[in-house]
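Chemist: The lines below spell out each chain.
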Amino acid sequence: MTITIDRRIYNDSVISKALYWLSGDYLIERSLSDNNTESVTITANSATDISETELETRLMQTLNDFKLRQIVADETRDIKTILYAKAFAEDEDLSEEDIHD
Amino acid sequence: MTDKEYYLLPFDFTEISGKEVLVNELGDMIISPKGTVQKIVDRSLPKDDLYKSLVANFFISEQIVPPLAEIYAERLREKKRFLESWTGLHIFVLTLRCNQNCVYCQASSQNEESNGCTMSKETMEKSVELMFRSPSDSITMEFQGGEPSLVPDIFEYGIQLAEEINKTEQKEIHYVLCTNSIHLTDRMLDICEKYGVVISTSLDGPAFLHNANRGKKDSYERVVAGIERGRQAVGNEKVSALMTTSVEGLNYPIEIVDEYVKLGFHAMFLRALNPYGLATHNDNWSEYTDRFIDFYKKAFEHILELNKKGTYFVEEFAAIVLRKMLTPYCTGFVDLQSPAGVINSVLIYNYDGGVYCSDESRMLAEFNDYTFRLGSVDDKYEDLVFGKKAKEIANVWANEALAGCSDCALKQYCGADPVRNYSTQGDMYGNRATSLLCRKNKAIIEYLISLIIERHDEVMPIFRSWVS
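So the sequences go chain by chain: Z and Y. The numbering of the first sequence is the numbering used here, which starts it at 1 and goes up by one. The numbering of the second sequence is the numbering used here, which starts it at 1001 and goes up by one.
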């Protein structure tokens, strides 16, 4: 099965994380069709009960979930650093000014 | 308030039982309708009770830095408190000799009559000295084998050394004897009684199953007799038992639980086989893992029924996960920690003087694999716990920084295990997509959350009683 993914919607990190979870059961080949389009060919390692439609649905859901996780991670990177520094770096005195909004 | 309306705080999410389960860095969990995370990110959440709950539980903040950031930081610190206390569990492998022939032996035990493979007095002295170098105020000295009751002299000597040194060190010390209870002589029991040693024995279920696992016809009778003698010597509360689910045992979840209840235990740990020692001969670990998950759920349902009928009985793996989920505290369970329990929480002093970072790593050494050998009892403490090998392991011991774990909503309830990754997948980093440990832990944790979602009023009183 080959599906195309628009890299303007899902960046490389999101695609990689989503495909990671398929790598146990499937052989995955990635190639760039053009700057914005990636082709992903997925071949089952062994006989499977999962249809191509089910697999594509699952992959698209996983891509969407990882995209949401990426947004949360990007928006919280600085506050996460501040909170961890407050918790574990005793001399750190980070505040609101350290957040790059 | 800016045009963003609110700010996100770090959290992850997964779908369980048709709900979106959100988990933040503190391990707090919110169960919400599907689509909630999209609404949070889009800033399209209505200001209803869910919104208030997300603010109150540190998932979103109406200010760029949450007004209770100091409390957040303190709670974060509490979740990793086990790091502050340093290595607390010190395991002494007294001998590889054993008087049983367990089909799943993970410790590469030797015949009872074999020579060698027993810790010398000199090794014990150096090991105890190293143990006291740990900064931890509270230490547990655990004796393992083989079967440690076969070597009472070195067992007693180790405790006497610890008692003597502790006259000046003044640490809180606990002693644990891990024994199959087959050979609990009067002398062994006298030592246990004198020093308040906790007896941790092993029982795999009813007689037919236990005897088959142990390769002996009378093992069950002798273990039960040993448990009774142990209870008389040190008290009921200081005798516990641990089961290992052999392939045959997978067929008897109800019978195994009932056996523990019959013998007067109030808790059990439904423990899967570990892929070390003889257990590596199991030829289909994937099938075993799936069958174990099914076994676990059947046994757990039976335990829930017992509790509902008034019998207080705890499944300890679930209790550890639930404690992480439902309380602000961390647990001392080394297998579900991040950073991993290896070195941080446990050190092993092997009979031959080798120092290892976990019980499983010394088992690998019996197959001439010394990857996790930190050094020997002749080395300095600092060279062992801060040395090159320790630093190598430290690169891969936090699930917050591992592919497949770092984005997992359940990572707060799970742990990193570089030794298991290495032994089953060939490298310490591991691959979560093919990891059977990941499959098992995830399935059980998701199962516990599904019970909270689908049968909240039924299970929560039981779960709360287990973690209080």
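Don't read these hints as lab results, they were simulated from the structure. This structure is a prediction, so every number in the text was calculated from the model and none was measured. In this text, a Cβ means the ideal position worked out from N, Cα and C, and glycines have one as well. Accuracy of the hints is not assured; some may be wrong.
Unchecked claim - Computed footprint of chain Z on chain Y, listed as stretches where at least three residues anywhere in the stretch have a Cβ under 8 angstroms from a Cβ of chain Z: (1) 1189 to 1195; (2) 1449 to 1461.
Stated by the list, open to error - Calculated lysine-lysine pairs in the PhoX-like style (CA-CA distance at most 20 angstroms, straight line): (3) Y:1039 / Z:67; (4) Z:67 / Y:1080; (5) Y:1034 / Z:80; (6) Y:1034 / Z:67.
Chemist: Can you list which hints this structure breaks, lowest number first?
Modeler: Result: hints 1, 2, 4, 5 break, sorted rising.
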